[in-house]
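*Asks:* Sequence:
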Amino acid sequence: MKITQRDLYRGLLTVWVEDPVSHAVLTDVWGDPQINVLVSDGKPGVMHMVNASPREFHVYGVVDRDFDDDNAANWTSPGCRVLRLPAHEIENLLLDFEILASLSGSESATRIRTLAHDHAQKMRFWMVCCRVLWDMQRDLGKGFPERPPNPVGLHSLDEVKRYLERSVYWPEHDSAWQRWRQGHVRSPWIEAACDDFQKQLDGDEWIRSFSGKEIFHFLRSKVPGLDLAPARAPRPKPSDRDLNLAKKIARKMRELDRIPPVLVELRQVLRNKAGLA
8 MKITQRDLYR GLLTVWVEDP VSHAVLTDVW GDPQINVLVS DGKPGVMHMV NASPREFHVY
68 GVVDRDFDDD NAANWTSPGC RVLRLPAHEI ENLLLDFEIL ASLSGSESAT RIRTLAHDHA
128 QKMRFWMVCC RVLWDMQRDL GKGFPERPPN PVGLHSLDEV KRYLERSVYW PEHDSAWQRW
188 RQGHVRSPWI EAACDDFQKQ LDGDEWIRSF SGKEIFHFLR SKVPGLDLAP ARAPRPKPSD
248 RDLNLAKKIA RKMRELDRIP PVLVELRQVL RNKAGLA
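Residue numbers (the numbering used here): 8 to 284.
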């Protein structure tokens, strides 16, 4: 039997996500049989699957914010089909220290929060590096040659070469790269990012803006009671152990009615988009 898009999107509402953790968290905290959560291959995969889906189906994407701005203010817009979370990664939303303390059974929420904050402080320069690399990539990739608009408009290799040679990308790219190579250009970006991340560490914003995956993984490996993997081989991979903990947190959140408000709002927005009551 052939599998078609109609078979894939037979549910009332389909939501593509980046990875198994996102799938597990949204499936468990929502517990909504009308929402079919599917896993794609990272953010580009989500974008592709949503854009390639027929418009008559209710297909949307949910992705991490990373270093972009979230688009929560535009979630309800009819044209918004890929919704970016107001957190660096979905794991940030799992950093509920009361829930983690409950699962640990031996460490207090205050102690776990301190461990997480100390680790985030050690991550500051790594976050700065990642942020500046992100900005550089966006700058250097701007205006990358687009494919010819006419699929039958090129008739020889020479025409292909001339098309590429005429692209305005090359001088723009060279200029941007020459600019980024200069230390006095990079330094202000690095210093500004460093100051920004330190301000976040001085308050509570780090919980949402630093890499949740890294903090989550660190806590899973350091806080007693969070990782119940067997001591003997074969042991689950670290990614599977992170996934198991994410599932436990999500279920505990639902059990204790401590689901992050943003995930409650996200579910309702998606249901409204699909015309579900």
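Because the hints were derived from the structure by calculation, they are not lab data.
Fair warning: there could be bad hints in the mix.
[Unchecked claim] Computed Cβ-Cβ distance ranges for the label pairs, DEER-style:
| id | residue 1 | residue 2 | range |
| --- | --- | --- | --- |
| 1 | Pro-241 | Pro-51 | 48 to 58 Å |
| 2 | Asp-209 | Pro-85 | 44 to 54 Å |
| 3 | Met-54 | Leu-140 | 36 to 46 Å |
| 4 | Pro-152 | Gly-38 | 28 to 38 Å |
| 5 | Pro-51 | Trp-133 | 21 to 31 Å |
| 6 | Trp-133 | Met-54 | 42 to 52 Å |
| 7 | Pro-241 | Gly-148 | 37 to 47 Å |
[Unchecked claim] Here are the simulated lysine-lysine pairs, DSSO-like style, with alpha carbons at most 30 Å apart:
| id | residue 1 | residue 2 |
| --- | --- | --- |
| 8 | Lys-220 | Lys-255 |
| 9 | Lys-129 | Lys-206 |
| 10 | Lys-50 | Lys-255 |
| 11 | Lys-206 | Lys-220 |
| 12 | Lys-50 | Lys-129 |
| 13 | Lys-254 | Lys-220 |
| 14 | Lys-255 | Lys-244 |
| 15 | Lys-244 | Lys-220 |
| 16 | Lys-220 | Lys-129 |
| 17 | Lys-220 | Lys-168 |
| 18 | Lys-149 | Lys-259 |
| 19 | Lys-280 | Lys-259 |
| 20 | Lys-129 | Lys-280 |
| 21 | Lys-229 | Lys-254 |
| 22 | Lys-244 | Lys-206 |
| 23 | Lys-149 | Lys-50 |
| 24 | Lys-244 | Lys-259 |
| 25 | Lys-229 | Lys-244 |
| 26 | Lys-229 | Lys-255 |
| 27 | Lys-168 | Lys-149 |
| 28 | Lys-280 | Lys-244 |
| 29 | Lys-149 | Lys-255 |
| 30 | Lys-129 | Lys-255 |
| 31 | Lys-50 | Lys-244 |
| 32 | Lys-280 | Lys-168 |
| 33 | Lys-254 | Lys-244 |
| 34 | Lys-259 | Lys-229 |
| 35 | Lys-149 | Lys-244 |
| 36 | Lys-280 | Lys-50 |
| 37 | Lys-254 | Lys-149 |
| 38 | Lys-50 | Lys-254 |
| 39 | Lys-129 | Lys-254 |
C-beta atoms are modelled at their ideal positions from N, C-alpha and C, and glycine is treated no differently.
*Asks:* Does the beta carbon distance between Pro-51 and Trp-133 stay inside 21 to 31 Å, or does it fall outside?
*Replies:* holds, 23 Å
*Asks:* For the pair we were handed, Lys-254 and Lys-244, check the Cα-Cα distance against 30 Å.
*Replies:* The hint holds at about 15 Å.
*Asks:* Given the range 44 to 54 Å, decide if the beta-carbon distance of Asp-209 to Pro-85 lies inside it.
*Replies:* Between Asp-209 and Pro-85, where Cβ atoms are some 40 Å apart, the hint is violated.
*Asks:* Within 30 Å, alpha carbon to alpha carbon, are Lys-229 and Lys-244?
*Replies:* Measuring from Cα to Cα gives roughly 16 Å; hence the hint holds.
*Asks:* Lys-280 and Lys-50 were given as a pair; does the straight-line alpha-carbon distance stay at or below 30 Å?
*Replies:* Holds. Lys-280 to Lys-50 sits at ~21 Å (cutoff 30 Å).
*Asks:* Is the straight-line distance between the alpha-carbon of Lys-50 and that of Lys-255 30 Å or less?
*Replies:* holds, 25 Å
*Asks:* Look at the Cβ atoms of Pro-152 and Gly-38 and judge whether their distance stays inside 28 to 38 Å.
*Replies:* violated, 47 Å
*Asks:* Are the Cα positions of Lys-244 and Lys-206 separated by 30 Å at most?
*Replies:* Violated, at about 35 Å.
*Asks:* Is the Cα-Cα distance between Lys-206 and Lys-220 30 Å or less?
*Replies:* Given that 30 Å is the threshold and the Cα spacing comes to 21 Å, the pair holds.
*Asks:* Has the given pair, Lys-149 with Lys-244, been kept, meaning a C-alpha gap of at most 30 Å?
*Replies:* violated, 38 Å
*Asks:* Can you confirm whether the C-alpha distance between Lys-220 and Lys-168 stays at or below 30 Å?
*Replies:* Violated, because 44 Å separates the two Cα atoms, which is more than 30 Å.
*Asks:* Hey, Lys-50 versus Lys-254, does the alpha-carbon distance stay inside 30 Å?
*Replies:* Cα-Cα ~21 Å, so holds.
The earlier numbered hints that this structure contradicts are 1, 2, 3, 4, 6, 17, 18, 20, 22, 28, 29, 32, 35, 37.
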